[in-house]
Amino acid sequence: MMRVLLAAALLLLAAEALPQAAPAGAPRDCAVCPELALVPPGQFQMGSAPDAPELDASSGESPPVALAFARPFLVSRREITVGEFRKFVEATGAKAVPGCRVWAGGQWIKDPDRSWRDPGFAAAPRDDDPVVCVSWDDAHAYAEWLAAESGKRYRLPSEAEWEYVARGGTSYPRFWGERDSREDLVLSLACDYANVYDASAVDALRLPGPNARCSDRAPTLAPTGQYKPNAFGVHDIIGNAREWVMDCYTASYAGRPQDARAWTWQGGCELKGVRGGSFASRPRDARAPARSSAPVSLRQSDLGFRVARDY
Amino acid sequence: MQRAAFPLLAALLLAAVPATRAAEGARAPGSSFSDCDGCPEMVVIPAGSFVIGTPGAATARGAGAAENQASVVEIPRPFAIGRLEVTRGEYARFVADSGHEPQEGCRVWDADLARFNEDPRRGWQDIATPASPGDDLPVSCVSFADAQAYVQWLSAKAGARYRLPSEAEWEYAARAGSRTLRPWGDDATDGCDFANTYDLVGAARYRLGWPEVHCRDGQADLAAGGQFGANAFGLQDMIGNVAEWVQDCATGSYVGRPRDARAWEWLGGCAERIQRGGSWLTPAADSRSAARAAAPAGEHAADVGFRVALDLGTKAKEER
Chain A
104 MMRVLLAAAL LLLAAEALPQ AAPAGAPRDC AVCPELALVP PGQFQMGSAP
154 DAPELDASSG ESPPVALAFA RPFLVSRREI TVGEFRKFVE ATGAKAVPGC
204 RVWAGGQWIK DPDRSWRDPG FAAAPRDDDP VVCVSWDDAH AYAEWLAAES
254 GKRYRLPSEA EWEYVARGGT SYPRFWGERD SREDLVLSLA CDYANVYDAS
304 AVDALRLPGP NARCSDRAPT LAPTGQYKPN AFGVHDIIGN AREWVMDCYT
354 ASYAGRPQDA RAWTWQGGCE LKGVRGGSFA SRPRDARAPA RSSAPVSLRQ
404 SDLGFRVARD Y
Chain B
3 MQRAAFPLLA ALLLAAVPAT RAAEGARAPG SSFSDCDGCP EMVVIPAGSF
53 VIGTPGAATA RGAGAAENQA SVVEIPRPFA IGRLEVTRGE YARFVADSGH
103 EPQEGCRVWD ADLARFNEDP RRGWQDIATP ASPGDDLPVS CVSFADAQAY
153 VQWLSAKAGA RYRLPSEAEW EYAARAGSRT LRPWGDDATD GCDFANTYDL
203 VGAARYRLGW PEVHCRDGQA DLAAGGQFGA NAFGLQDMIG NVAEWVQDCA
253 TGSYVGRPRD ARAWEWLGGC AERIQRGGSW LTPAADSRSA ARAAAPAGEH
303 AADVGFRVAL DLGTKAKEER
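Each protein sequence line maps, in turn, to chains A and B.
Using this note's numbering, you'd call the opening residue of the first sequence number 104 and step up by one each time.
Using this note's numbering, you'd call the opening residue of the second sequence number 3 and step up by one each time.
Since the hints were derived computationally from the structure, they do not count as laboratory data.
Be careful, since some hints might not be right.
Which chain A residues face chain B? A few, computed with CB under 10 Å, are given here [as the list claims (entries may be wrong)]:
1) SER161
2) PRO166
3) TRP279
4) THR353
5) ALA354
6) GLN361
7) TRP366
8) THR367
9) TRP368
10) GLY371
Selected chain B positions facing chain A (Cβ under 10 Å, derived; list incomplete) [as the list claims (entries may be wrong)]:
11) CYS38
12) TRP111
13) LEU115
14) ARG117
15) GLU267
Pair by pair, the computed Cβ-Cβ distance ranges are [unchecked claim]:
16) A:PRO215 <-> B:ALA49: 31 to 41 Å
17) B:ALA287 <-> A:TYR275: 47 to 57 Å
18) A:ARG309 <-> B:SER180: 43 to 53 Å
19) B:SER51 <-> A:ARG131: 47 to 57 Å
In this text, a Cβ means the ideal position worked out from N, Cα and C, and glycines have one as well.
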């Protein structure tokens, strides 16, 4: 009930500020452009308190910072899909660099025969699966292409935008509730809202670490948009594929910009921020404030992206 | 084909060495020079690599938390750094010549209140302690912006691009090859010949509320530059006397920092910059090669100054 009220309130807020916005069947900026969710302005606490129960202190998620969004922005409702990425590759002639890190034999290992066209899962990739095995540069190039196609300034979301979206108007580490479980059953709620490392993935992946106590019926990637959205109408922000963000990565928020802009270094950086966890993420890594990073050129079979633009 | 390239490359390198030496003149690592009458004395620091930070350091808060994420930094080519901290005399020449108007006010030791206090009447010319500072003391009560204005003026005067050292350059220069906590070793109490920090002499005059190092450096106050022992690169006062602004933006981690020695700065700028080396007021625990502090770029403090750095081969006439 609380969630419904919150969603309604947020929609009202968005509708009041932006009368022309149409949340359902959202318009696209161009034929190949993704469906967008309108994210209302507001403020939130990025990161976690030092005593947060699932804190990963080494990631720099704590101490937190208070950030405000004075203006709304738009973010793709889903992770960019294989079908969407294929259109980009076909239109631009972008060369597919072969090779992708895949989970095999109990470790992440680079397989020269894998790529976004075939990340090496049991089934061939479907067009509505999130695209994976794409580097930060690939994702950035995709956003630039969308910008050229639409005349709108598409880009990757900033890390602050990403976490604000992921929290979906709540202050919780998971948008579906303050606690991750049905209190009487101690079963995780995650599987209704996210494709994470769950009971259905254990046999397929055999990852170290705990799995979510539920089944999301997807051992690896799931088609985008299958799980329940958050109050902003955004799907798969937790789980499915991890997502590149615009920001460079360092393991602290100290000194970051006081606003929600992407935090990047002069002269570029080797490590970029990665958010949201994936089908292979244990519960602790599938939280809105959880942070990870990857070298800018990494292609991995659990790593994709979504796009954003200014309103 | 590939084998044939090596002798050729070697011949080219051999041919290049004397030419490089000639172009740099006396600017071999370890040598020193001054670009003009009144320009700071510069010492040439060799290229190399080092470990920034303190492996296994206890995790501190703020900027200090980065220290235990020690990482390797490459210094790809030699550079020059001031042998001493920029002095009041050098800074006075800049102010007189450029008409630079520093913002009024400075955080100084208030003897009546027995604490540090922002005093709007103080400034670089009147730093409260000591009451009559000489021209050969390091300048203090200067903000990051003041330091930037100084290096711009100096660059125009000298015809070479002077700048602040990067944080990595600073620590590399301070360590001068040492891997100990301090340039002279691990023990702070061995440092009274090498650094003007908060010692027994300082503690006798100023009750700062933190522990003093148990030796006597002979200076109760800020001291004239160059009175303490040099490190292995020939640099003095890297630790102690005034804390020194460096070019880098401040954050609480070294993860993701550039692997080379360039300053780590954000696109769009940053509110806080790093200070290194500690001052005559800094407790022993923080008077170390790897210790770092962060401060708002606009802050003026009576124990914070700077020294300058310079890329070699950037003299304007050499570029033409």
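How the hints compare with the structure:
Interface restraint check for SER161 (chain A): the shortest CB-CB distance to chain B comes to about 9 Å, inside 10 Å, so the restraint holds. The closest approach between the C-beta of PRO166 (chain A) and any C-beta of chain B is roughly 8 Å, which is under the 10 Å cut-off, so the hint is satisfied. Below 10 Å, beta-carbon pairs count as interface contacts, and TRP279 (chain A) has none with chain B, the closest being about 30 Å; its hint is therefore violated. Interface restraint check: THR353 (chain A) against chain B, minimum CB-CB distance 4 Å, threshold 10 Å, status holds.
Hint status for ALA354 (chain A) relative to chain B: holds, with the closest Cβ pair at about 4 Å, below 10 Å. Interface hint at GLN361 (chain A): satisfied, since its Cβ lies 7 Å from the closest Cβ of chain B, which is below the 10 Å cut-off. With 10 Å as the threshold, the beta carbon of TRP366 (chain A) comes within range of chain B, its nearest partner Cβ sitting at about 6 Å, so the hint holds. At its closest, the beta carbon of THR367 (chain A) sits 5 Å from a beta carbon of chain B; the interface hint therefore holds under the 10 Å criterion.
With its C-beta approaching chain B no nearer than about 6 Å, TRP368 (chain A) sits inside the 10 Å limit, and its interface hint holds. A hinted interface residue such as GLY371 (chain A) counts as satisfied when its beta carbon comes closer than 10 Å to some beta carbon of chain B; here the least separation is about 9 Å, so the hint holds. At its closest, the beta carbon of CYS38 (chain B) sits 30 Å from a beta carbon of chain A; the interface hint therefore is violated under the 10 Å criterion. Below 10 Å, beta-carbon pairs count as interface contacts, and TRP111 (chain B) has none with chain A, the closest being about 28 Å; its hint is therefore violated.
Of the supplied interface hints, the one on LEU115 (chain B) is violated, with its beta-carbon coming no nearer than about 30 Å to a beta-carbon of chain A, more than 10 Å. With 10 Å as the threshold, the beta carbon of ARG117 (chain B) stays out of range of chain A, its nearest partner Cβ sitting at about 26 Å, so the hint is violated. Hint on GLU267 (chain B) holds. Least Cβ distance to chain A is approximately 5 Å, under the 10 Å limit. Evaluation of the 31 to 41 Å hint for PRO215 (chain A) and ALA49 (chain B) yields a pass: the beta carbon distance comes to about 36 Å.
The given range of 47 to 57 Å is broken by ALA287 (chain B) and TYR275 (chain A), whose C-beta atoms sit roughly 39 Å from each other. For the hinted restraint 43 to 53 Å between ARG309 (chain A) and SER180 (chain B), the CB-CB distance of approximately 48 Å keeps it satisfied. At roughly 51 Å, the beta-carbon separation of SER51 (chain B) and ARG131 (chain A) lies within the given 47 to 57 Å, and the hint holds.
Hints 3, 11, 12, 13, 14, 17 from the list above are not met by this structure, while the remaining hints are.
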